[in-house]
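There are 8 protein chains.
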Amino acid sequence: MNDRGYRAWLEAVRDGRASVDEALAALRRMDAEDLGFARIDHHRALRKGFPEVVYCEGKTDEQAAAILVRLCERGDGPVLGTRASAGVYERVRATVPDVEYHPLARVVRLMRGVDSPKGHVLVVCAGTSDLPVAEEAALTAEAMGARVERLVDVGVAGLHRLLSHLDRLYEARVLVVVAGMEGALVSVIAGLVDKPVIAVPTSVGYGTQFHGVTPLLSMLNACASGVGVVNIDNGFGAGYLAALINRLGD
Amino acid sequence: MNDRGYRAWLEAVRDGRASVDEALAALRRMDAEDLGFARIDHHRALRKGFPEVVYCEGKTDEQAAAILVRLCERGDGPVLGTRASAGVYERVRATVPDVEYHPLARVVRLMRGVDSPKGHVLVVCAGTSDLPVAEEAALTAEAMGARVERLVDVGVAGLHRLLSHLDRLYEARVLVVVAGMEGALVSVIAGLVDKPVIAVPTSVGYGTQFHGVTPLLSMLNACASGVGVVNIDNGFGAGYLAALINRLGD
Amino acid sequence: MNDRGYRAWLEAVRDGRASVDEALAALRRMDAEDLGFARIDHHRALRKGFPEVVYCEGKTDEQAAAILVRLCERGDGPVLGTRASAGVYERVRATVPDVEYHPLARVVRLMRGVDSPKGHVLVVCAGTSDLPVAEEAALTAEAMGARVERLVDVGVAGLHRLLSHLDRLYEARVLVVVAGMEGALVSVIAGLVDKPVIAVPTSVGYGTQFHGVTPLLSMLNACASGVGVVNIDNGFGAGYLAALINRLGD
Amino acid sequence: MNDRGYRAWLEAVRDGRASVDEALAALRRMDAEDLGFARIDHHRALRKGFPEVVYCEGKTDEQAAAILVRLCERGDGPVLGTRASAGVYERVRATVPDVEYHPLARVVRLMRGVDSPKGHVLVVCAGTSDLPVAEEAALTAEAMGARVERLVDVGVAGLHRLLSHLDRLYEARVLVVVAGMEGALVSVIAGLVDKPVIAVPTSVGYGTQFHGVTPLLSMLNACASGVGVVNIDNGFGAGYLAALINRLGD
Amino acid sequence: MNDRGYRAWLEAVRDGRASVDEALAALRRMDAEDLGFARIDHHRALRKGFPEVVYCEGKTDEQAAAILVRLCERGDGPVLGTRASAGVYERVRATVPDVEYHPLARVVRLMRGVDSPKGHVLVVCAGTSDLPVAEEAALTAEAMGARVERLVDVGVAGLHRLLSHLDRLYEARVLVVVAGMEGALVSVIAGLVDKPVIAVPTSVGYGTQFHGVTPLLSMLNACASGVGVVNIDNGFGAGYLAALINRLGD
Amino acid sequence: MNDRGYRAWLEAVRDGRASVDEALAALRRMDAEDLGFARIDHHRALRKGFPEVVYCEGKTDEQAAAILVRLCERGDGPVLGTRASAGVYERVRATVPDVEYHPLARVVRLMRGVDSPKGHVLVVCAGTSDLPVAEEAALTAEAMGARVERLVDVGVAGLHRLLSHLDRLYEARVLVVVAGMEGALVSVIAGLVDKPVIAVPTSVGYGTQFHGVTPLLSMLNACASGVGVVNIDNGFGAGYLAALINRLGD
Amino acid sequence: MNDRGYRAWLEAVRDGRASVDEALAALRRMDAEDLGFARIDHHRALRKGFPEVVYCEGKTDEQAAAILVRLCERGDGPVLGTRASAGVYERVRATVPDVEYHPLARVVRLMRGVDSPKGHVLVVCAGTSDLPVAEEAALTAEAMGARVERLVDVGVAGLHRLLSHLDRLYEARVLVVVAGMEGALVSVIAGLVDKPVIAVPTSVGYGTQFHGVTPLLSMLNACASGVGVVNIDNGFGAGYLAALINRLGD
Amino acid sequence: MNDRGYRAWLEAVRDGRASVDEALAALRRMDAEDLGFARIDHHRALRKGFPEVVYCEGKTDEQAAAILVRLCERGDGPVLGTRASAGVYERVRATVPDVEYHPLARVVRLMRGVDSPKGHVLVVCAGTSDLPVAEEAALTAEAMGARVERLVDVGVAGLHRLLSHLDRLYEARVLVVVAGMEGALVSVIAGLVDKPVIAVPTSVGYGTQFHGVTPLLSMLNACASGVGVVNIDNGFGAGYLAALINRLGD
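Quick note, the sequences are listed as chains E, V, Y, R, A, Z, H and W, same order.
Here the UniProt record's numbering is used: position 185 in the first sequence is 185, and no number is missing along the way.
Here the UniProt record's numbering is used: position 131 in the second sequence is 131, and no number is missing along the way.
Here the UniProt record's numbering is used: position 84 in the third sequence is 84, and no number is missing along the way.
Here the UniProt record's numbering is used: position 165 in the fourth sequence is 165, and no number is missing along the way.
Here the UniProt record's numbering is used: position 166 in the fifth sequence is 166, and no number is missing along the way.
Here the UniProt record's numbering is used: position 42 in the sixth sequence is 42, and no number is missing along the way.
Here the UniProt record's numbering is used: position 111 in the seventh sequence is 111, and no number is missing along the way.
Here the UniProt record's numbering is used: position 134 in the eighth sequence is 134, and no number is missing along the way.
Be careful, since some hints might not be right.
The calculated PhoX-like cross-link candidates involving lysine-lysine, where the alpha carbons are at most 25 Å apart (straight line), are [said to hold, decoys possible]:
(1) Z:Lys118 to W:Lys118
(2) Y:Lys118 to E:Lys118
(3) R:Lys59 to V:Lys118
(4) H:Lys59 to A:Lys118
These aren't lab readings, by the way, just hints derived from the structure by calculation.
With the sequences and hints as input, model every part of the structure.
Structure follows, in structure tokens:
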């Protein structure tokens with residue numbers, strides 16, 4: 001609904017400057033033009049702290065950088081570029097000096113309009129090869145205002161490493177568990193905690209790991225409850241969902 | 001948009017019975033209630049001759065029949081029940097005497113509000129085992145006002161049977177080609193005609209036919225152009241799409 | 001850790017009844033016996049309001065009922081039996097009169113030790129055929145203390161039905177979206193709300209729906225963010241996860 | 001059948017210049033040579049406005065260009081080269097100066113013998129990454145004489161963008177909907193319009209998007225009716241089919 | 001081409017009873033009616049000893065029997081019904097007393113117009129569970145005039161059993177090898193002989209045998225040369241192909 | 001090699017009853033007849049304690065029982081019937097009174113010629129639904145002379161249950177780990193012990209468990225070393241392999 | 001069997017230089033040493049005209065060339081190198097001047113010990129992109145002594161092209177049909193001829209062609225009989241099998 | 001358990017420097033910190049002769065080398081780097097002069113703390129292309145103290161080559177069988193021996209070999225018993241498991 005337009009016509013009718021039929025036709029036209037989405041848009045405008053995100057893969061460095069720069073210039077919230085090369089970063093930095101680059105996660109990030117971190121998202125990852133995906137999740141959740149901790153290299157093959165961090169598992173409000181190979185870490189952790197677990201399968205492995213299909217299936221069938229799964233290597237999606245959940249506890 | 005409501009508030013403003021702010025609040029509330037879809041609905045109300053359809057599989061005979069009876073009693077257009085048992089038909093007929101049953105296609109149908117058939121949809125099928133799906137397509141297209149012809153048992157293994165019907169292929173406005181096994185019939189026919197071909201893979205076959213996956217893939221990769229594919233055994237969807245296309249020629 | 005045993009040996013050392021070496025050996029033995037899990041168990045004992053759950057499929061009615069009765073008699077929290085036949089229910093009710101049965105969801109449930117419902121979980125489902133899975137999710141979340149609302153039959157094919165319920169979507173703390181066919185409902189809803197969405201693919205469909213694989217893949221690749229996916233037809237898992245998330249907002 | 005040959009022999013028999021047996025042998029030989037296909041060929045010769053098409057992938061630039069030049073020199077209708085590099089274009093232009101190149105769609109095109117555009121094909125695409133496929137569809141349909149409009153970047157994640165273009169959706173005679181990720185756009189659009197929808201899944205995505213398999217399955221199982229699906233990334237096939245359908249309305 | 005019709009018109013022209021134009025029109029009509037396939041048909045009519053085959057699965061006993069009886073009454077060559085129940089046989093025998101039934105292979109067969117068996121087809125099978133498929137192959141090849149020998153239960157797990165029959169392997173003109181489980185028998189045999197091997201995967205096995213997919217893949221990748229593969233459980237197809245090959249040696 | 005035949009001819013040569021050439025021809029013929037396998041057979045005859053096994057699925061009770069009775073009567077070692085119904089057992093017991101039946105594992109077993117159990121095979125299983133497969137493994141290993149222990153219901157979801165049995169895991173010579181769902185138990189156990197682990201995926205689960213494919217893939221990609229995997233639900237194969245390994249330690 | 005060894009011991013026994021027991025032990029030892037394979041080898045030695053084949057993919061040019069040279073120098077029959085680069089050829093030619101290279105098929109070939117071509121193998125291929133595989137088949141069959149004809153670019157999309165070559169199809173003794181895309185050509189041809197058809201799926205296509213899986217499945221399910229299928233892109237295997245079959249007709 | 005910490009508090013209690021309650025609280029805190037894993041760790045510390053392993057794929061040469069050097073410097077047992085380039089080796093050798101490099105298997109190895117080889121592991125491989133995987137298995141088993149023999153190029157296509165090595169097969173304590181293509185070698189060997197067989201599918205092949213899936217499935221369904229399967233191309237895993245088994249026989 002377009003408040004100003006509506007008010008103008010109502011006032012015109014009130015003041016006798018327009019007939020009821022004229023006003024009716026005008027209102028009808030307005031509805032036809034922005035049907036439904038004004039309200040939706042309004043709603044979205046309220047979502048402060050939600051990053052504007054650009055998926056850079058499949059774009060040239062120039063294209064990705066141009067879009068990111070425009071987003072940085074236009075709004076006043078955080079901006080995120082995922083799967084971004086250093087070249088994208090260099091180009092954005094030329095215009096937006098305070099933009100960050102995280103080479104491991106291949107993330108370009110502008111932290112702006114983000115309050116001091118709140119809550120507690122714990123990003124756990126099984127092996128060092130899973131770090132890029134885990135870091136993408138962590139950086140995303142931070143951009144949405146979450147306080148994020150990392151717990152790395154606690155794979156199931158060395159269970160004692162994981163068990164020695166039980167306290168950290170228990171303290172989190174929501175956990176993101178990133179694992180390749182067979183993804184068994186998700187089942188083990190979800191069996192230990194009573195908080196939501198966001199599971200991220202990675203493509204780390206070979207042969208029948210099938211580029212992440214094996215841990216994906218494993219996580220979907222986890223014998224422990226409380227697990228929601230995202231796409232393979234989708235650190236961004238996991239961090240985003242974790243941050244949404246984390247906000248509920250604020 | 002709700003015309004009567006709008007007019008009432010506009011008149012109240014004009015007559016001084018309501019303030020601009022009161023009217024604005026009221027209009028806002030109305031928009032919230034039926035946002036956008038009034039117009040969509042209006043559009044759908046215009047689609048005379050579109051069947052109301054019930055997919056009966058997975059419902060008890062009682063449930064399916066009850067829904068079908070309600071649809072028959074409520075509207076004045078055609079009604080279709082697909083994958084319906086004879087039991088469903090018996091129950092519907094008790095209330096709606098002029099309903100038809102087509103046991104091969106397992107279709108319950110009420111032809112009502114359908115003009116005399118127009119255009120020319122040709123439903124071709126490879127083998128007798130594909131007949132139920134082909135017939136579902138034909139019955140659906142008829143319910144939407146199309147004139148439908150059938151051409152059966154013209155599989156690729158006996159090419160001369162197909163070639164002896166070239167004229168019938170050429171005369172159709174749109175063709176529905178139904179085939180199981182490897183689905184090669186689609187490629188052959190689409191190579192012969194210059195009209196749209198709707199391809200329906202069926203689950204007829206065994207072993208690596210994989211319940212219809214093989215002809216589906218075959219049809220998606222047909223070396224001839226002009227082919228659109230629907231889901232396995234989806235005679236209804238093919239007939240519906242063919243009838244939509246057929247109307248364009250009226 | 002075994003407090004009483006530790007204290008006994010510490011007191012013996014303090015009182016000179018045992019040497020340090022004797023006590024050390026004893027403590028070491030104790031650790032070997034109940035390594036680690038005392039504390040884990042303690043933790044789990046604290047999880048009041050978590051249902052004890054029995055997956056009844058693949059068990060005889062007698063077996064399932066026997067396990068459920070034992071759980072009902074042993075604890076003081078809620079008990080849930082999923083995929084349970086009416087026969088299971090009859091057998092449980094003979095011993096536990098206040099047990100409920102929900103035939104659509106095939107759930108046997110004992111609501112006990114559950115506080116008055118809190119928060120707001122919205123369970124949305126695309127078609128009536130998805131209702132059993134949706135209801136399993138709703139009943140599970142309720143058993144964990146969540147206030148649950150249902151919104152049914154708002155499939156994407158009739159978008160206006162969904163859009164007319166925007167307010168209900170916006171009000172929920174967490175949403176469970178249940179959909180078969182192609183599962184597009186998840187993308188649409190996740191694009192409208194800024195709350196966590198738990199997506200449940202169902203096996204409703206035929207042919208290339210592949211018993212739920214299609215909506216599963218669709219949901220994992222949803223173009224909207226904030227979605228976590230569970231196994232096909234896993235209403236229980238979705239309800240459990242939604243309730244965990246819902247608690248964070250209390 | 002070869003009319004001139006037949007007539008010559010019939011006249012020779014009439015005039016006594018050949019015996020019946022001689023003529024019979026001659027006719028038999030002719031039939032052996034061009035059995036059946038004379039008539040088919042005749043039919044194809046009538047299909048003015050159908051492009052001659054070369055799929056350039058897997059050919060060297062030299063090979064592709066040579067074939068395209070030959071087609072341009074031989075006939076008098078449109079010529080299309082799909083998946084063509086700029087190198088192919090340069091080579092063709094050397095001989096055929098009025099050939100066009102569309103780098104985004106990687107299409108080489110010679111618009112010749114094409115009447116002024118007719119009808120109304122609307123090519124809709126979900127994201128900017130889907131543009132190359134969408135453009136291939138549009139260029140193909142144009143080459144076949146269709147008037148084509150484009151509507152880009154109206155993905156389901158921002159539903160309001162799509163809903164603000166309802167009129168354009170309603171006005172089209174046939175729609176080509178191009179979408180990667182989960183392909184939900186097809187279901188939403190097909191639920192809004194009552195015209196044929198040609199669905200094109202693209203390989204845009206990662207992980208379980210499986211190079212386009214996910215939107216393909218999603219489109220085959222669309223809960224809305226009136227959808228025909230083509231192969232992954234097959235913009236050409238969709239444009240071709242859409243143009244065939246579009247002609248029916250002329 | 002239709003010789004008699006052509007000759008009649010040529011004679012009429014010669015004799016002045018018809019004009020060239022009249023004859024030309026008549027010839028054109030004839031071509032239109034039986035375009036191309038007269039010759040094809042003639043060709044097929046020559047294929048004495050090729051069975052008429054009915055695939056009985058998915059047909060009622062009555063339907064299958066009716067078709068078989070019609071084939072028996074119409075022609076004078078062999079007739080085969082595959083996947084036929086005893087009920088089909090009983091019904092056929094009532095009209096065609098000399099029809100045979102082979103319950104293991106579920107084959108109904110009428111040996112008629114088949115010369116004394118020639119050549120040498122060896123049907124080998126790995127385990128007793130593969131016998132029905134092997135027997136279907138053998139019965140089919142016999143119906144096409146081949147002399148067939150069987151060699152059963154010579155699976156790879158007991159290699160000595162196979163090696164003790166080397167002579168029989170060497171003597172065959174063409175071999176049909178039927179195997180379930182992993183289908184390794186094909187590789188072993190094709191490595192021993194220098195004759196064509198027709199490989200038939202069967203659905204015998206469980207778990208990752210995937211209803212015959214495993215031996216199918218195994219046979220397609222056999223490290224030994226000279227192997228052609230047919231569909232899973234397709235004994236008929238293997239016997240048919242083997243008999244075609246066997247004839248070449250006559 | 002055929003000793004008696006060889007000796008007879010050697011004696012004939014020695015005694016002058018046969019020439020060297022005559023004997024040579026005879027020996028050559030014998031070799032042709034039983035090429036190679038005498039020695040293999042001899043070898044197999046030495047494998048005391050290896051069960052004769054019948055896979056009863058897909059056989060009638062009568063057939064399975066007949067084969068089992070024959071094996072019981074013929075040899076003097078253990079006999080095993082897997083996937084056997086009670087009906088098979090009843091029929092065998094009529095002739096072989098000391099045969100056992102294990103209904104959970106559906107195993108018919110005759111323990112005969114089996115020494116007192118040796119070594120230590122530990123069969124671990126995740127859930128009660130996996131028990132039939134676990135028991136099949138245990139019964140098989142016992143039939144081959146292994147001392148077998150069982151450890152049940154120690155799934156990963158309740159890690160403390162497993163950890164409380166560390167000693168039992170450490171003491172085994174070889175472990176068979178049986179798990180459905182996602183099969184994570186294998187990774188956890190293989191990370192704890194330094195003995196061979198035989199992993200058996202089961203079909204226990206639903207949806208994307210894909211009848212055991214998920215734990216199979218999970219086990220093949222276990223992040224811990226020392227794991228060998230067998231077919232889905234193949235308790236027999238795991239027990240057999242475990243017993244072979246167990247013997248090495250005797 | 002080792003003739004010389006046997007004779008020596010038989011003569012020793014005849015002459016009293018050895019006892020029967022001594023000879024028996026010696027013979028037993030000999031059998032153990034070269035069990036069975038002497039005879040097999042002898043058999044293989046007889047297979048004149050069978051090419052020695054090297055699959056060059058995955059080998060360095062140097063390695064592949066070295067093996068090919070060795071084969072050329074050692075024997076006196078044909079030698080074939082498949083998937084060989086020009087670099088392999090250059091290296092072989094340095095030593096073996098009369099070796100040929102076929103760049104399209106990537107085959108290095110030495111025609112030696114091959115009689116004048118016999119019989120009639122027809123290699124048909126659907127599109128020009130399938131030529132490399134078709135040519136590999138043709139070159140292989142020629143190396144095994146077959147007379148080979150080629151028939152190219154007769155895809156199903158232009159059926160008249162194929163039908164105009166019916167005579168050539170009818171004249172062949174065995175046909176190799178090579179097709180990518182959906183592979184429908186196999187069904188059409190097998191429906192026209194009564195000779196064995198060897199079907200070769202190729203990886204030509206994109207999207208759901210799945211690198212050749214689609215035509216493979218299509219060919220395995222061909223509705224026409226008489227088809228044996230080989231692995232994707234396996235021109236060598238098809239040519240080899242066709243030549244084996246072709247020999248039977250000599 | 002933390003011995004030193006425990007002892008300190010026990011002595012403090014004994015000496016009256018701390019109360020029982022103070023000590024109890026301290027002990028409880030310690031358990032929380034290193035719960036459970038002390039004992040596990042102790043156990044692992046005992047596993048002398050187990051290699052520390054680095055999977056180098058996906059790491060830069062620098063990273064892989066750095067980790068390997070650290071492992072070499074830290075411990076006193078063997079160190080293994082798999083899938084390592086020559087560059088990794090060069091970098092490690094600069095610091096650790098006695099490190100080996102095996103280019104075929106791409107293994108960097110430091111043999112240290114390994115006793116003289118014991119037992120008998122036989123690594124068999126089908127073709128020369130499978131050698132890298134086979135060699136990885138052999139090198140791994142050696143690093144764990146096993147005496148390893150190799151038997152190469154004994155594929156099923158030339159069965160006599162394998163049969164001529166029966167003695168070597170019989171003598172092994174455990175066999176690792178490495179095979180690509182269809183993997184039939186595993187079935188043949190497992191049918192000949194009565195020792196554990198570790199099966200390793202390789203990705204050697206093309207088309208439907210599906211990068212190793214075909215031999216994997218084949219091995220899981222081997223008709224012979226006593227087979228455990230590892231992941232595709234997982235030579236390391238097979239060698240590790242074989243060495244574990246081999247130790248049992250010491």
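Taking the hints in turn, this is what the structure says about them:
For the proposed pair Lys118 (chain Z) and Lys118 (chain W), the alpha carbon gap of about 23 Å is at most 25 Å, so the pair holds. Pair hint Lys118 (chain Y) plus Lys118 (chain E) holds up; C-alpha atoms about 23 Å apart against a cutoff of 25 Å. Taking the CA atoms of Lys59 (chain R) and Lys118 (chain V), the gap is about 46 Å. The hint is violated against a cut of 25 Å. As the CA atoms of Lys59 (chain H) and Lys118 (chain A) are separated by approximately 46 Å, the hinted pair breaks the 25 Å bound.
This entry does not satisfy hints 3 and 4, going by the numbered hints stated previously.
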